[in-house]
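For the record, the sequence lines run as chains A and B.
Here our numbering is used: position 121 in the first sequence is 121, and no number is missing along the way.
Here our numbering is used: position 359 in the second sequence is 359, and no number is missing along the way.
The reader is advised that the hints may include incorrect statements.
To be verified - No more than 25 angstroms apart at the CA atoms, straight line, and that leaves these computed lysine to any residue pairs for SDA-like:
(1) LYS565/B with GLY554/B
(2) LYS565/B with LYS26/A
(3) LYS44/A with SER104/B
(4) LYS513/B with ARG122/A
(5) LYS85/A with GLU58/B
(6) LYS444/B with TYR641/B
(7) LYS26/A with ARG79/B
(8) LYS44/A with GLU80/B
(9) LYS137/A with SER53/B
(10) LYS44/A with GLN376/B
(11) LYS44/A with ASN600/B
(12) LYS565/B with PHE55/B
(13) LYS44/A with PHE55/B
(14) LYS137/A with LYS434/B
(15) LYS44/A with GLY82/B
(16) LYS137/A with GLN14/B
(17) LYS44/A with ARG122/A
(18) LYS335/B with ILE259/B
(19) LYS25/A with ARG88/B
(20) LYS44/A with LEU630/B
(21) LYS26/A with GLU97/B
(22) LYS137/A with GLU60/A
(23) LYS44/A with SER43/B
(24) LYS137/A with LEU17/B
(25) LYS137/A with LEU38/B
(26) LYS434/B with SER490/B
(27) LYS44/A with GLN54/B
(28) LYS85/A with SER22/A
(29) LYS137/A with SER43/B
(30) LYS137/A with PHE55/B
(31) LYS137/A with GLN54/B
To be verified - Residues on chain B that point at chain A, a partial pick, calculated with CB under 7 angstroms:
(32) MET1
(33) PRO3
(34) SER44
(35) MET45
(36) PHE55
(37) PHE56
(38) PRO59
(39) LEU139
(40) GLU580
Hints in this document: simulated from the structure, not taken from any laboratory.
This structure is a prediction, so every number in the text was calculated from the model and none was measured.
In this text, a Cβ means the ideal position worked out from N, Cα and C, and glycines have one as well.
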Amino acid sequence: MMSVSAASVTQLLFDWQQGDQSALKKLTPLIYDELRRIAHHYVKHERNGHTLQTTALVNEAYVRLAGQERPGWQNRSHFFAVTAKVMRHILIDHARRRRYLKHGGQFQQVSMAEASLMSAERAGELIALDEALDELKNFDPRKSEVVELRYFGGLSLEETAEALEISVMTVRRDWRAAKAWLFRRMRETDESDDASLQSSIGNRKLAM
Amino acid sequence: MTPERWHRVEEVLQAALDHPPADRAAFLNEACAGDEELERETSSMIAAYDDASQFFAEPAMARDARVIINGDAQMHPGREIGPYQIIRHIGTGGMGEVYLAHDSRLNRPVALKVIRAGLIFDEALLRRFQTEARVASALNQANILTVYEIGQDDEVFFIATEFIDGQTIRERIRAADLTLKDVLEIAGQLLSGLEAAHATGIIHRDIKPENVIQRHDGVVKILDFGIAKLLEKSSPENSSTTSPVVRTETGVGVMLGTIGYMSPEQVRGLTVDVRTDIWSCGVVLYEMLGGQRPFDGQTNADTLVTMLEREPEPLFGTGSKAPTALRQIQVVIDKALSKEPSARYQTAAEMRASLEQIKTTLETRKQIRAGAISAQTNVRDLQSLAAQNNTSGFRRAIVMAMAALLITAMFAAAFMYQRQKARANLLAVKAAPKAYLQMTEAEKLAFVEAQEQRISNMMGDRPVKLNDDALRVIKSRIDRYAARKPGEESLSSTYARAPEYIPVIARAFAARKIPIVVGVYLPLIESAYRPCYENENGSKGLFQFMPQTAARYGVSRAEMCDVQKMAPAAAHYIADRMAELGDDSQSMTLVLLSYNRGPNGVRDALVLLRETDANYERNFWTLFANRTKLDETFQKESAWYVPQFFAAAIIGENPEAFGLQMPALSSFARDVIEKR
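Kindly generate the complete structure, drawing on both the sequences and the hints.
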């Protein structure tokens with residue numbers, strides 16, 4: 001489907017792991033397509049009332065992109081990490097635009113369209129999470145990675161452990177401590193945002 | 001936080017988490033042994049832990065799949081949509097993206113307008129999209145873009161149209177290579193296209209340079225019938241003599257169109273007819289000649305004010321030395337841009353005829369003397385002529401200074417209008433009340449219908465005619481209230497609690513500009529005005545918030561019984577739901593539904609029902625009548641929630657008919673608002 005072959009996907013993953021940021025750029029559209037495929041599964045299953053295991057879908061995506069050619073676990077963990085990053089990036093990007101639209105764009109029809117994809121509340125949550133994760137990374141980078149893989153990458157505890165080469169027990173403990181710290185931090189942000197939020201809602205309602 | 005400090009905090013946190021929830025507080029108290037800072041830090045994390053687990057329970061994908069599907073604006077080349085293969089992105093419209101694509105069956109290029117799946121949950125947008133296809137495919141005229149097909153492929157809706165290899169008028173204005181002849185030619189064809197549309201009963205409502213394209217062979221095409229309206233003939237017998245009118249669906253204060261090109265009546269949200277397109281043509285003509293719009297400001301607000309309040313600068317200066325042809329064109333523009341529709345050209349044909357005449361004169365005139373203008377004169381030269389001829393310069397500055405003030409007043413007026421409308425209904429003199437229980441069945445139904453309309457009105461909804469099914473459901477709720485059995489709380493004690501809370505609620509809801517009637521009756525059906533009511537789902541308080549929702553609106557679990565805290569939170573929450581529903585928030589009944597169900601749920605249902613009922617728009621009662629088609633949760637909710645609301649409101653607004661010794665509940669709210 002794309003001009004990038006399976007072999008070059010593994011190469012790009014390798015390059016990225018070696019610190020080549022341009023590799024990430026090349027990977028992003030490929031991964032985006034895969035994420036979209038996963039998202040379609042979700043929407044479909046949501047209608048049927050089933051829940052899904054993202055891990056299985058991400059695995060499938062990896063096999064599709066990288067082929068059977070170098071199915072090393074190392075490449076696979078790199079792939080998971082990239083997927084989680086791309087996912088985070090897309091969502092945060094959208095959340096930021098959503099917030100911008102809320103504050104400044106009420107005359108544009110596009111804003112309605114964008115707004116329908118993500119609620120203002122959700123956008124606020126995601127931005128707060130993103131900022132809190134960055135902060136967490138400063139004093140406990142591994143926990144921030146665990147959260148990225150679990151929450152944005154959709155990985156199970158076991159897959160996360162494999163990807164980070166740590167024990168499942170460690171992931172479990174990291175995960176619960178990180179959740180508690182992050183959520184409390186997000187709440188603090190939320191409270192300090194409240195004043196500006198209130199005045200912006202006043203403006204929006206004028207268009208009622 | 002330093003890594004060292006975090007190490008210490010985490011140690012305590014992990015140990016606390018190893019304890020059962022009930023023992024954690026005691027553990028922390030002991031473990032921190034006087035280190036208050038540490039205890040505060042870890043306790044707040046423990047306190048957040050339950051909500052945190054809930055938040056992180058599902059991966060982001062589960063919540064945001066639609067953002068991933070639709071979040072990026074563009075589709076990659078090569079992607080196939082139906083029989084079409086995307087070649088490249090060529091533009092962005094209000095509702096979606098436009099691509100050049102290849103039709104493999106007929107081996108021809110097409111322009112493919114694609115609406116992304118996420119948008120189909122926005123009922124209003126989907127409707128516009130379909131209107132566009134329906135309207136445009138009904139039109140078959142040389143100056144209107146031909147629609148080949150409307151279709152759906154998986155999650156994507158698309159419209160395939162002829163592909164025009166040419167330039168939009170916006171691009172031509174930018175290039176500044178238009179001659180006077182070009183301008184008259186383009187305007188003429190534009191008006192021909194509109195004439196055809198108007199004759200079919202369609203007004204475009206969004207004529208602007210971006211929506212008019214000129215093919216390389218000179219043919220002009222009108223694009224984007226996305227917000228077009230079908231005209232409604234006022235009555236069949238005199239339809240030939242009266243102007244067709246259209247009812248605005250958007251209501252006062254909502255604008256659909258593009259600021260700068262919309263007519264005054266369109267901006268005001270009033271009834272529009274074909275003459276709104278005449279106005280927009282006047283703006284486009286002015287811009288083609290002058291290089292800038294007749295009404296322009298630094299902000300949208302400035303533009304609106306200039307347009308509503310001021311006459312445009314004469315194109316060719318205020319002196320009287322402009323050549324005859326230009327003065328004639330100015331007359332045409334002035335007429336098209338009359339604030340009063342009745343002073344404009346009444347039809348596109350009339351305006352086209354005026355321009356045609358000017359064109360003929362110009363074309364037949366030989367260039368007798370140097371410096372005279374002709375059809376070949378570039379409009380840039382006209383613009384410099386205007387600059388020389390201009391005798392006034394700074395009127396605009398004064399206008400701008402007033403802009404911000406006036407625009408605020410305008411929006412406020414729109415809002416006040418809705419309020420007054422509601423107020424008028426509120427104060428409407430009622431016929432001598434007959435006790436509800438003494439009415440016949442037919443009288444009861446009539447009473448319910450009249451009162452439902454009145455309350456819808458108070459909520460700012462356009463009242464709709466209810467079907468019998470819906471009426472009966474509200475009636476049965478009222479009957480159940482009215483005939484409370486011994487042992488159940490009497491109606492009068494429930495309603496008697498209201499006046500205590502209403503002043504607080506009224507202030508909070510007024511502050512968020514939400515119809516007060518919603519604030520008055522929501523708590524009644526949620527908790528019957530018992531501030532500390534708690535239900536089996538764990539929601540609590542007057543407005544029955546879940547604790548985590550309340551927390552998100554700044555109310556802690558302990559404060560949920562405090563009406564002073566909960567009323568503003570509820571108003572804030574509803575304001576957010578309204579914002580999420582966007583256009584649809586016009587209907588408070590829909591907001592009421594989304595209050596429990598979420599805007600996407602409401603939109604899903606609307607999309608489903610669109611196929612079933614032509615009258616589905618913003619109409620809870622259509623949802624209701626077709627509830628068997630909805631999923632189970634929605635069925636229950638829509639069948640319970642809204643009828644219950646209306647029943648509570650009908651009783652509360654007609655206390656005397658139910659033997660309650662008190663004024664209408666909303667009158668308490670009114671007193672509060674009026675005293676402010």
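Point to revise | Contradicted hints - numbers only | key: Violated: hints 2, 3, 10, 14, 22, 23, 39.
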